Amino acid sequence: MKLEFNYKKYAKNAILIEISNTSDENSLENLLLYKKSIELFYNKAIVEVVSSYNSLLVYYESTIEDFYSEFQVLKSLVPEGASDLGFKKRLWQVPVYYATAVAPDLVSFATAKSMTIDRVIALHTTPIYTACFFGFLPGFLYLAGLDAQLDMPRKNTPELALEKGAVAIGGNQTGVYPSKSPGGWHVIGSTPLQFFDRDSEKPCFVSPGDKIQFISISEKEYNDISILVDSKIYHPKSILL
Amino acid sequence: MMGKVAVIAQGVYTSIQDLGRFGFSKFGVPKSGAMDQEALRWVNLILGNHENDAVLEWVMQAPILKFSAPTCVCVTGGDLAVFLNDIPVGCYVQVVVGKGDVLRVENTSKIVYGYIGVKKGFQSEKKFKSRSWYTGITDKIKLNKKDEISYLKHVDKGAKFAKIAAKVYAKPTTILNVYEGAEFSLLSIKQQKMLWGHSFSISNTRSRMAIQLIGKLQNTLPPIVTSPVLPGTVQLTPSGTLIVLMRDCQTTGGYPRVLQLSEDAINSIAQHQAGSVVQFNKVAL
Numbered sequence: 000m001k002l003e004f005n006y007k008k009y010a011k012n013a014i015l016i017e018i019s020n021t022s023d024e025n026s027l028e029n030l031l032l033y034k035k036s037i038e039l040f041y042n043k044a045i046v047e048v049v050s051s052y053n054s055l056l057v058y059y060e061s062t063i064e065d066f067y068s069e070f071q072v073l074k075s076l077v078p079e080g081a082s083d084l085g086f087k088k089r090l091w092q093v094p095v096y097y098a099t100a101v102a103p104d105l106v107s108f109a110t111a112k113s114m115t116i117d118r119v120i121a122l123h124t125t126p127i128y129t130a131c132f133f134g135f136l137p138g139f140l141y142l143a144g145l146d147a148q149l150d151m152p153r154k155n156t157p158e159l160a161l162e163k164g165a166v167a168i169g170g171n172q173t174g175v176y177p178s179k180s181p182g183g184w185h186v187i188g189s190t191p192l193q194f195f196d197r198d199s200e201k202p203c204f205v206s207p208g209d210k211i212q213f214i215s216i217s218e219k220e221y222n223d224i225s226i227l228v229d230s231k232i233y234h235p236k237s238i239l240l
Numbered sequence: 000m001m002g003k004v005a006v007i008a009q010g011v012y013t014s015i016q017d018l019g020r021f022g023f024s025k026f027g028v029p030k031s032g033a034m035d036q037e038a039l040r041w042v043n044l045i046l047g048n049h050e051n052d053a054v055l056e057w058v059m060q061a062p063i064l065k066f067s068a069p070t071c072v073c074v075t076g077g078d079l080a081v082f083l084n085d086i087p088v089g090c091y092v093q094v095v096v097g098k099g100d101v102l103r104v105e106n107t108s109k110i111v112y113g114y115i116g117v118k119k120g121f122q123s124e125k126k127f128k129s130r131s132w133y134t135g136i137t138d139k140i141k142l143n144k145k146d147e148i149s150y151l152k153h154v155d156k157g158a159k160f161a162k163i164a165a166k167v168y169a170k171p172t173t174i175l176n177v178y179e180g181a182e183f184s185l186l187s188i189k190q191q192k193m194l195w196g197h198s199f200s201i202s203n204t205r206s207r208m209a210i211q212l213i214g215k216l217q218n219t220l221p222p223i224v225t226s227p228v229l230p231g232t233v234q235l236t237p238s239g240t241l242i243v244l245m246r247d248c249q250t251t252g253g254y255p256r257v258l259q260l261s262e263d264a265i266n267s268i269a270q271h272q273a274g275s276v277v278q279f280n281k282v283a284l
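Chains as they are written, first to last, in numbering that gives the first Met the number 0: chain Z, 0 to 240; chain Y, 0 to 284.
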């Protein structure tokens, strides 16, 4: 099914592009292809494109003179075929230490779910998650694909600080906290990987559209990888899809 | 040669700001930048700086600063009383500063955000092409007593007080020009009329991230799927409260986006204290 788009004036220097027909499995991928097509057409110094589940926000460095001719330009950039833009996806293996020492909510989560901790780990490490987009915090990825058996309403009162690397569940979503932050999600593990590097112009190793799998690791592996990450010599493992 | 500003008193939530970040929202990095960008532009225009040079932004109460080397400074944001070594020197003017001089500002016009600039801007660390301070992005997020900030020494060869003739400061407007937001059309006619017909006052719940308004709008809209937002986006929460997103806002949000403030309106609302009353005026894009 071919995607159709709505174009809305958002601000003097911003246009919102929304998918107007019901989205299917490939809508995220098509949206990201469209994003890439716009970025290739424009210099990144004059346009930035923010993607989310079903829309793109095109933000211009300067004021848009004529919205309707700009809409025409954007419409002309809808990709016809799929892969001619060289859109490559990766599957990232994200090591997670699932243990009460680093995950304050692991026991209460398992208890509330009437599951063993091993069962929680198995259900969390089985799916291949899709990285949809960044939001909420620098480097925070919205992941799709949580097993419905792990759905858990957010805490009524958010914690003042979840640790950097916290792997958590909130509602039907799961994610990794890239920095210490207040949060209402249930922490079930911790990853030693750095999801946001403020010292790099490309601060995130995952790109929207990539896949993620969580791998359960031991305390020793957690400590070993942490040391390598702190020394900036650890390269996250991935395979090209 | 570098000069240093020594912080004698830190002011309130004083931070380094410029025009903010462009090109990093896709990683979830907020835009940041001066809350009142009009006031920032004046500082840099009066000092003959680049428009993106970094200034100090303070909230309600200005810091007291001591300069280690000659430069020129300028204070903007409101009709403020500015003193150099306790001698009144005025705002929205270029003031020549010598070694050991102390700059002090009294918030006589009760503005929220004030700005202090120096010739060629403050030389703090750059992250993602901006010096704007933000948690997790820059080392510092607010100024503390005894901090030092670098600037480039500058000996002024022109007039002692290069005045800009026109009176450039205008009070922030209470009529805010806004555009229809992405979910505006989902509101009922009655709800839409509420937005135009009513006054909303500014609540105490405000920060560089957002300003919450007092006055509820009956909300029948469901949450939206998480979508991009910008500074100036007005969200309608499930309880019917309107939240105006500001410069440090997140890059995405899950509440309906009912309005979008014009750039002038963002600068204006930033300067309204709690209790001030504003009205929305619909303009077409």
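Fair warning: there could be bad hints in the mix.
[To be verified] Quick list of in silico lysine to any residue cross-link-like pairs, SDA-like style, CA-CA up to 20 Å:
hint	chain 1	residue 1	chain 2	residue 2
1	Z	163	Y	134
2	Y	128	Z	59
3	Z	8	Y	238
4	Z	7	Y	141
5	Y	139	Z	181
6	Z	154	Y	134
7	Y	281	Z	12
8	Z	87	Z	235
9	Z	201	Y	154
10	Z	43	Y	189
11	Z	231	Y	238
12	Y	128	Z	60
13	Z	87	Z	77
14	Y	215	Y	262
15	Y	128	Z	38
16	Z	7	Z	92
17	Z	11	Y	139
18	Z	219	Z	77
19	Y	125	Z	12
20	Z	154	Y	98
21	Z	7	Y	154
22	Z	11	Y	106
23	Z	35	Z	204
24	Z	154	Y	253
25	Z	8	Y	40
26	Y	98	Y	139
27	Y	98	Y	153
28	Z	35	Y	253
29	Z	35	Y	141
30	Y	281	Z	204
31	Y	141	Z	178
32	Z	11	Z	87
33	Y	144	Y	21
Read the hints as simulated data drawn from the structure, not as lab findings. Quantities reported herein were computed from a predicted structural model and do not represent experimental measurements.
Results for each hint:
no.: 1; hint: 163/Z x 134/Y; in the structure: holds, 13 Å
no.: 2; hint: 128/Y x 59/Z; in the structure: holds, 17 Å
no.: 3; hint: 8/Z x 238/Y; in the structure: violated, 27 Å
no.: 4; hint: 7/Z x 141/Y; in the structure: violated, 37 Å
no.: 5; hint: 139/Y x 181/Z; in the structure: holds, 19 Å
no.: 6; hint: 154/Z x 134/Y; in the structure: violated, 24 Å
no.: 7; hint: 281/Y x 12/Z; in the structure: holds, 17 Å
no.: 8; hint: 87/Z x 235/Z; in the structure: holds, 17 Å
no.: 9; hint: 201/Z x 154/Y; in the structure: violated, 39 Å
no.: 10; hint: 43/Z x 189/Y; in the structure: violated, 42 Å
no.: 11; hint: 231/Z x 238/Y; in the structure: violated, 45 Å
no.: 12; hint: 128/Y x 60/Z; in the structure: holds, 14 Å
no.: 13; hint: 87/Z x 77/Z; in the structure: holds, 18 Å
no.: 14; hint: 215/Y x 262/Y; in the structure: violated, 24 Å
no.: 15; hint: 128/Y x 38/Z; in the structure: holds, 19 Å
no.: 16; hint: 7/Z x 92/Z; in the structure: violated, 38 Å
no.: 17; hint: 11/Z x 139/Y; in the structure: violated, 32 Å
no.: 18; hint: 219/Z x 77/Z; in the structure: violated, 49 Å
no.: 19; hint: 125/Y x 12/Z; in the structure: violated, 25 Å
no.: 20; hint: 154/Z x 98/Y; in the structure: violated, 55 Å
no.: 21; hint: 7/Z x 154/Y; in the structure: violated, 50 Å
no.: 22; hint: 11/Z x 106/Y; in the structure: violated, 32 Å
no.: 23; hint: 35/Z x 204/Z; in the structure: holds, 17 Å
no.: 24; hint: 154/Z x 253/Y; in the structure: holds, 18 Å
no.: 25; hint: 8/Z x 40/Y; in the structure: violated, 26 Å
no.: 26; hint: 98/Y x 139/Y; in the structure: violated, 26 Å
no.: 27; hint: 98/Y x 153/Y; in the structure: holds, 11 Å
no.: 28; hint: 35/Z x 253/Y; in the structure: violated, 24 Å
no.: 29; hint: 35/Z x 141/Y; in the structure: violated, 37 Å
no.: 30; hint: 281/Y x 204/Z; in the structure: violated, 42 Å
no.: 31; hint: 141/Y x 178/Z; in the structure: holds, 18 Å
no.: 32; hint: 11/Z x 87/Z; in the structure: violated, 33 Å
no.: 33; hint: 144/Y x 21/Y; in the structure: violated, 31 Å
In the structure shown, a violation is registered for the earlier hints numbered 3, 4, 6, 9, 10, 11, 14, 16, 17, 18, 19, 20, 21, 22, 25, 26, 28, 29, 30, 32 and 33, in ascending order.
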